[in-house]
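Chains as they are written, first to last, in the working numbering: chain A, 1 to 104; chain B, 1 to 148.
FYI, nobody ran anything at the bench for these hints, they're computed from the structure. Each hint should be verified, as a subset may be incorrect.
Examples of chain B residues toward chain A, derived with CB under 10 Å [stated by the list, open to error]:
1) THR7
2) ILE11
3) CYS25
4) VAL29
5) THR30
6) GLY33
7) ARG37
8) TYR52
9) PRO54
10) LYS58
11) VAL92
12) ILE112
13) LEU115
14) TYR127
15) GLY130
16) SER135
Ideal Cβ placement from N, Cα and C applies to all residues, glycine included.
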Amino acid sequence: MRQHAIRIIKVGIIQGQADSLSYIKMTVRVLFFGATAEAANAREIEISLASQSTAADLIDELSATNIALRNYKLLFSVNQEYAPPSTILNQDDEVAVFTPVSGG
Amino acid sequence: MDFAESTFEPIDVGSVARKIVPPECGATVTLDGYVRRFTKGRETLHLVYEAYEPMALKEMAKLAERAKSQFEIANVGIVHRLGKLEIGETSVVISVAAPHRKAAFEACEWIIRELKRTVPIWKKEIYADGETWASGEEPDTNISNSKS
């Protein structure tokens, strides 16, 4: 199933039809903590994104739905490991979006 | 044995050190971090700590491993309190056992510095006249979001 989906994406790119990628969706789980939980008014949501979306794309998507995260310096983790904004997300990933940590 | 824990109950500071002391060691350094009443002249009423617990425990265990590779130490114990804390209550305990004290002091200082930078725990300060999520240190550029 998954291999088949990847093959379609490659064909789309080769033929210059990058727009077709947006038809292939995936779902990721997004967790918020502290300041981002207050901004999102949620601790956890599920969101549908175009296949091959990055963590930065996720923030664009959330901002489009009025979750005011752009005011914050944000860090990401994907599946409980720190990840840069350019990280490509996969179906069922656990993505956390949070501000610089302040424990201790 | 190393250990890393989070807890919503008060921390028994002495028990952290006792868990990590092996017979071949000569010194254990323990940091007892607790809630300060005044920060930059402003009075704190209480604090609330929130964690991304599974990742926080993983990051604390990583710190113990990294400390052991960098310093001549034997064992590390880290416990972080979560939830509401009153003034003077212990928020974090780091105990480092080592054959000699110098390495234990250095490792303990290194671990608390890294913990404040990398372990996903956040502190909300509640003042008489408002509340705010404490801003953490600037992250490494490779994990910051350049768009925001």
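Going down the list of hints, with the structure as the test:
Taken as an interface hint, B/THR7 does not check out: its beta carbon lies about 13 Å from the nearest beta carbon of chain A, beyond 10 Å. With a least beta-carbon distance of about 13 Å to chain A, the hint placing B/ILE11 at the interface is violated under the 10 Å criterion. Restraint check, B/CYS25 versus chain A: the minimum CB separation of about 25 Å is more than 10 Å; hint violated. Restraint check, B/VAL29 versus chain A: the minimum CB separation of about 16 Å is more than 10 Å; hint violated.
Checking B/THR30 against chain A: minimum C-beta separation of about 15 Å lies over 10 Å; hint violated. For B/GLY33, the interface hint holds, since its Cβ comes within 10 Å of a Cβ in chain A; the closest pair sits about 6 Å apart. Of the supplied interface hints, the one on B/ARG37 is violated, with its beta-carbon coming no nearer than about 17 Å to a beta-carbon of chain A, more than 10 Å. A least Cβ separation of about 5 Å between B/TYR52 and chain A falls short of the 10 Å threshold, and the interface hint therefore holds.
With a cut of 10 Å, the hint placing B/PRO54 at the interface with chain A holds, because the nearest CB-to-CB distance is about 6 Å. Given the 10 Å rule on beta carbons, the hint for B/LYS58 holds: about 6 Å separates it from the nearest Cβ of chain A. For B/VAL92, the suggested interface contact is upheld, since its CB lies about 6 Å from the closest CB of chain A, less than 10 Å. The beta carbon of B/ILE112 is positioned within 10 Å of a beta carbon in chain A (closest approach about 6 Å), and the interface hint is therefore held.
Hint status for B/LEU115 relative to chain A: holds, with the closest Cβ pair at about 6 Å, below 10 Å. With a cut of 10 Å, the hint placing B/TYR127 at the interface with chain A is violated, because the nearest CB-to-CB distance is about 15 Å. The beta carbon of B/GLY130 is not positioned within 10 Å of any beta carbon in chain A (closest approach about 14 Å), and the interface hint is therefore violated. Checking B/SER135 against chain A: minimum C-beta separation of about 7 Å stays under 10 Å; hint holds.
When the structure is compared with the earlier hints, violations turn up for hints 1, 2, 3, 4, 5, 7, 14 and 15 and for no others.
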